[in-house]
Amino acid sequence: MIRVVLPAPLRRLAKIDGEVALDVVAPVTQRSIQDALELRFPMLRGTTRDQVTGKRRAFMRFFACGMDLSDDPPDAAVPEAVARGEEPFLVVGAIAGG
Amino acid sequence: MSGVRVLVGTKKGAFLLTADGKRKAWQVEGPHFAGWEMYHLKGSPADPNRIYASQTSGWFGQVVERSDDGGKTWEAVGNQFPYEGVPGTHQWYDGSPHPWEFKRVWHLEPSLDDPDTVYAGIEDAAIFKSTDAGKSWKELAGLRGHGSGSQWMPGAGGMGLHTILLDPSNKDRMHIAISAAGVFRTDDAGKTWRPMNRGLNSQFLPNPTAEVGHCVHRIAMHPSRPETLYMQKHWDVMRSDDGGESWTEVSGNLPTDFGFPIDVHAHDAETIYVVPIKSDSEHYPPEGKLRVYRSKSGGNEWEPLTKGLPQENCYVNVLRDAMAVDALDPCGVYFGTTGGQVYASPDGGDSWTPIVRDLPAVLSVEVQTLR
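So the sequence lines, in the order shown, correspond to chains A and B. Under our numbering, residues 1 to 98 are what the first sequence spells out, in order. Under our numbering, residues 1001 to 1371 are what the second sequence spells out, in order.
Only chain A is shown next, with the shape it has when bound in the complex (with noise of 0.2 Å):
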């Protein structure tokens, strides 16, 4: 299971506590887990990327292992530690606006 944390405002809008467990089927990628998310979640469609473009939201970033994930290509491969289970996808909004 991919372990995902959202931040507080689309925990809301989604209506959950905590961290979120997925089935991502492999690769995982931003993409996958992204896919697997609005999935199970739909509105959350539209909130961390374009729904057209598949672009991520400007003031979005994706974390993990204490790397800044987000300028990598969507179907690039998450680390080894998030494929696994044992590392968290962090979505995070960026620090904007004061």
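These are calculated hints, taken from the structure and not from any lab test. Treat the hints loosely; a few may be bogus.
Stated by the list, open to error - From the structure, some residues in chain A lie toward chain B, with a derived Cβ separation under 8 Å:
id, residue
1, V5
2, P9
3, V52
Note that this is a predicted model, so its numbers are computed, not measured. Each residue gets a CB set at the ideal place from its N, CA and C atoms; glycine is no exception.
Please arrange chain B on chain A, whose structure you already have, making use of the hints.
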């Protein structure tokens, strides 16, 4: 027992304010959607339990929420607003071409007779329609496609389609308004549109009487007389008596004719309300006095309404979607400020009381009359 429910959208959530028909004692509920910008909430005239809400965020984009129980519970519905075809370009602030991009939903207008049908006015300006209670949205593309879209440009707040007026006497007719393009009308249920800006004069335009490009802030209509329209333009308060075909200025003795909202008394199509604001660079009331101005003659002759409103050191703004009237008798009038106050007048504007004083900046106010 009659009552009212005031739907308040703010910069950081939505609030529902309810009272019985006396409109003296209020219950405040919220924030709903805490932390999100709530551009607009509006209830269905056909089913008051059905409410639509535009929830938006610079981080997370656009969400549309729907309630089927009068705002007790909410469900996120469709939030995809695809422009039809190749969107093309409009003018940017410097006059250069700029690609059309969806940013947010400014206004939701439920159908007068079908709770599942609702229109959305969006930024960059376009109108969408849903016939499945918000699950899916389809653009009425004739508006952008009518030929002048490349000349539209954003106002200071963006290029939003902010007003949608449905004609109760003609299901095929509606008026919309865009900052900064102007008023458009359809007479065939949204297939084709015509600009309706004859008589407008905007000095910031190279051609001040151009067919499009006017920064219309708000238009309003009384349901009993849909041929008569009122407009708060960037500068100037205007009136049309021929369904928007032509406009005449009715600013009269207003202390300033800049402002954002305009609304019509529920029981008198000649009684209208505006909130004069000092200027386009000074978005607050003149002299620090918050005054609603009422005309009982459809414009030109205006009286200040001050009882209960701050008459010194008040420097808030009242945004275009932040005024509404209820249908009770006497008519209730409501408006919200960027300082977080929501004022109510249960007597047609003669006196005002703050329902709440310390909300986040108010973006929109709508009211439902519950019978």
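A quick look at each hint next to the structure:
At its closest, the beta carbon of V5/A sits 15 Å from a beta carbon of chain B; the interface hint therefore is violated under the 8 Å criterion. Annotation: P9/A was flagged as interfacial toward chain B, and the flag holds, the nearest CB pair being 5 Å apart, inside 8 Å. The beta carbon of V52/A is positioned within 8 Å of a beta carbon in chain B (closest approach about 6 Å), and the interface hint is therefore held.
Taken one by one, the earlier hints fail for this structure only at number 1.
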